[in-house]
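Participant: Once you've looked at the hints, dock chain S against the given chain E.
Here is how the chains run, residue by residue.
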Amino acid sequence: MSNTDDTKQVAVDDRDRVPNASETGGPIILFFMIGFVLSLVVGWVVFPKLLYSQKKQPIDFNHVQHMELVDEGCESCHFFREDGSFSGAPTLAQCIDCHEEVQGDTPNEIKFVEAYVQKDREVPWLVYSKQPQCVYFSHVAHVKMGNMDCVTCHGHIGESTELPIYEQNRISLYSRNIWGKNIGGFKKNTWDRMKMDDCAECHVREGVRQASVQTGKGGCFVCHK
Amino acid sequence: MKIDRRSFLAMSVGGAVGTALTPLPWKIQDDLAIWTQMWPWTPFPPDGENTYVNSVSTLCGGGCGITVRKVGERAVKIEGREDYPTNQGGICNLCASGLQMLYGPTRIPYPMKRLGERGANQWVRLSWEEAISMVAEQLGEIRQAGQPETVACLSTRPYGSMPALLKRFMTAYGSPNFMTTPSMMDAYDMTLKRMHGVDGRMGFDLENADYVLSFGSGLIEGWGNTVHMIRINSKWKDTNAVLKQIEPRLSNTAAKADQWIPILPGTEGILALGIGYVIIKESLYDYDFVNNFSAGFDEFRRAVLSGYSPGNVSKQTGVDQSTIVALAREFARARRPLALCGRGQGTVPGGFGEYVAVHALNALVGNINRPGGAWAMPRPEMDGWLEPVLDAPAEAGLAKPRLDGAGSAAFPFAGQLFNRVPVALKAGEPYPCQALLVYDANPLFSMPGSGMVREALQQIPFILSFASHMDETAMMADIILPNLSHLERWEDVPVTEGFHRPMLGLAQPVVDPQFDTLHAGDTLLQLAAALGGTVAASLPWENYEACLKEALSPRWAELEDRGYWIDENFTPDDWSLAFPTVSGKFDFAVSGADLKTLFAMTAPQGDDGSYNLKLIPYDSVRIANGAVGSPPFLIKIVSDKVLKGKTVLVEVNPETARAAGFGEGDQAVLKTPLGDAAVRVHLSDGLMPGLVAMPRGLGHTAYDRYLAQKGVNANDLIGSVEDTASGLDATWGILASLVKA
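Same order as they appear, the protein sequences are chains E and S. The opening residue of the first sequence carries number 1 in my numbering; numbering runs sequentially from there. The opening residue of the second sequence carries number 1 in my numbering; numbering runs sequentially from there.
Looking at chain E on its own, in the form it has when it is part of the complex (with noise of 0.2 Å):
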């Protein structure tokens, strides 16, 4: 009975006590700037590297070296098949017109032949600008009907000597491609980034028809089929 009524006491003479500055002030401010700043880095540095995984491609693919080999550019590898859909990453039948004997002597082209055209087995490309599933992204209107360039999404790709890595996201299991290199989501070229908001910012520019063609649905009929 006594104990409870000096707990009490106590209680009531520390909330009595006025505080002063030198003794409370400082230190919370300092553990609020401790706590504020290591999530700053937590947030814009660790998570980052936390949140990908890095991936090397199976074969490092020179794309200067095969440009200067090709007439048309990009749609030499990269072309639209009959029926207008887009072939993508090439698959085997294509490189091996070349390829079917090692050409030089680089790792490279070795690990190319003796792995995957020799066994007939197609390169599992990992390609960065995979959309999700639920994204309906025709090529033919973009690069046919709307005189896009290659270089307006996916950037200078084709000027580069060897592939970059593959960043994918461990919980979307996405390529950083579509996201972006910057986590702030902060962009300055066009092909930085590859979300439903670049899509619809240049939609918007351009004065897209904001409706299916298919079902004449507008909004999100023209992408979300």
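Hints were generated in silico from the structure; no laboratory data involved. Just so you know, not all the hints are guaranteed correct.
Keeping only pairs whose Cα atoms sit at most 20 Å apart, straight-line, the calculated DMTMM-like set for lysine to aspartate or glutamate is [claimed, not checked]:
(1) S/Lys235 x S/Asp199
(2) S/Lys426 x S/Glu49
(3) E/Lys225 x S/Asp47
(4) E/Lys187 x S/Asp666
(5) S/Lys70 x E/Asp197
(6) S/Lys644 x S/Asp666
(7) E/Lys55 x S/Asp31
Just so you know, these numbers come straight off a predicted model, no measurement behind them.
Facilitator: Frame of chain E; chain S shown alone:
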């Protein structure tokens, strides 16, 4: 400096404020949202070039033209072929789910021999050589013992090269017992034979009909060629054709008809006679046809006028007299009236008398072999084959009577009566069955009186199944020689099922065989070769493809090129040439049959007074009820007013349910003379009082977890009733009662 609780709080607040100023929370939200769009367990088709292969779906009798989209070697989507004459781009839900039949887990991957008890689903893998030599040895022994007739064969479809090849094998082997699963087409064949004198099949020029009396046919629910019929029904709306649907339950067809005429189940034929009575009595019939091109009208007239006045018929059928008279007048005055029968999807033939009564209406108004009428069509034949070679044992075997009694003195006009086999085997008459070959059929599930079918199968010492999927009948087999799936094989698919043009489709392989399976045609050729002698000589082809090409040689190029062959200009024979009967005329007297007996209503099983209701089965286009079970996609679209969890809901009129003390969703036990089943009650004003309606096609014990053990198989509760006049299965329902669970 003192670190206390406040310091931690300050740091946390700082952390929270800081975190809010980083992309972390928003980015995680976004990523989680995207993650939900690509759950790893959701299958997506692979990326790649689309290719298309045209084929024909053989999952049901409709035989729709399909085009299958492939990415690489994987088939990813089945669509209807726009240029196919019957389905014109449409397909039914079963056909659209066909990929699940191709890639699904119920495929039988290799030849197997039964290990445990029959039905225990325990098997041991065999090589093809072992399996074929085991079967050949078994069949060889029976033949050597001089009893080839004791081997029977059951196929789903009657037409096409596969049934023809099986029949040829049986003939060369020495057995008259080739059978197909019964359907309304058997009854129509018989009608054609006995009224037109034509050995052919019935076709209907539905497109041009302008007044259709449907005696319970589920015209948009799988009767005939499903998709074709749905198109015809839409066309009728454009041409203002009238559809009158006569059946006890408000089916989809009834709901979309111009008028639904509820009728007591099993009395449809009687109503047809009542309508005939009015037409005759009021002299509304086609004088030209009746006087000049028909015989036996007096006998028919006497039979109808003596017992089927609207008053009498109204009492028996529950249809108002005024409705009967109105239907008769409308029907007779329409330009191109057409009367149809075959209940639901026509999977159970029904009594022959019904068909005669209904078809007689077409004859009374002269709409036979005319635009918008019923047409006698030639059967699809295998023109390219020579006659099989028969040795003495084969000839002796073929001279024996058939197990099912078809063609015997009792049932001289029946082509085949598989429904009679269980009874015959039970009686041991005319002889026991020593082996059964089952091709593309699942009689243990799909035929009324499945208990009897099971008993019959148990009595057969050797069952060979060619099934592609582990269905109920395959589970009873001793050896399974699995056929390729429908998207892996060549097959010709004659379009029959009431279609009014001679037409043939060609199913071709869409993908390579996924398992160690073999085309049943090739299996059969190998079996014949192993048996040797005249059997091998009668089936001399190197492989099934060669045999198919030979069978279809006159049309092969066109079939291969276009995927189908059709005789667009077919017209049925003129009345003066159309009836090769004794009199040379259409026979209202049904080749001298006793019309009174013929028209008598078939009583349902088990009339001992303890049942106060009648159970009728109904067919739904959302539930496969034939040789193929519903794939998972199909089960997904079954309403929860039909199947809730694992329990089937039976439809009951609210009035009937109230009298028995049941409300919506109540659990009940449905009792029939054949057994009991746990069900729930669904109140429906669309069912006549005094009835209970149950869907066909549920209650599988085989197949996968999406289908097995869901609901009750109506065929377990409803027995097969034989039509004494024809031997056909006349089942329309059974007496039943609903009691509290």
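Participant: All the hints need checking, so say for each whether the structure fits it.
Facilitator: Taking the hints in turn, this is what the structure says about them:
no.: 1; hint: S/Lys235 x S/Asp199; result: 31 Å, violated
no.: 2; hint: S/Lys426 x S/Glu49; result: 58 Å, violated
no.: 3; hint: E/Lys225 x S/Asp47; result: 17 Å, holds
no.: 4; hint: E/Lys187 x S/Asp666; result: 62 Å, violated
no.: 5; hint: S/Lys70 x E/Asp197; result: 33 Å, violated
no.: 6; hint: S/Lys644 x S/Asp666; result: 12 Å, holds
no.: 7; hint: E/Lys55 x S/Asp31; result: 19 Å, holds
Hints 1, 2, 4 and 5 from the earlier list are contradicted by this structure; the remaining hints agree with it.
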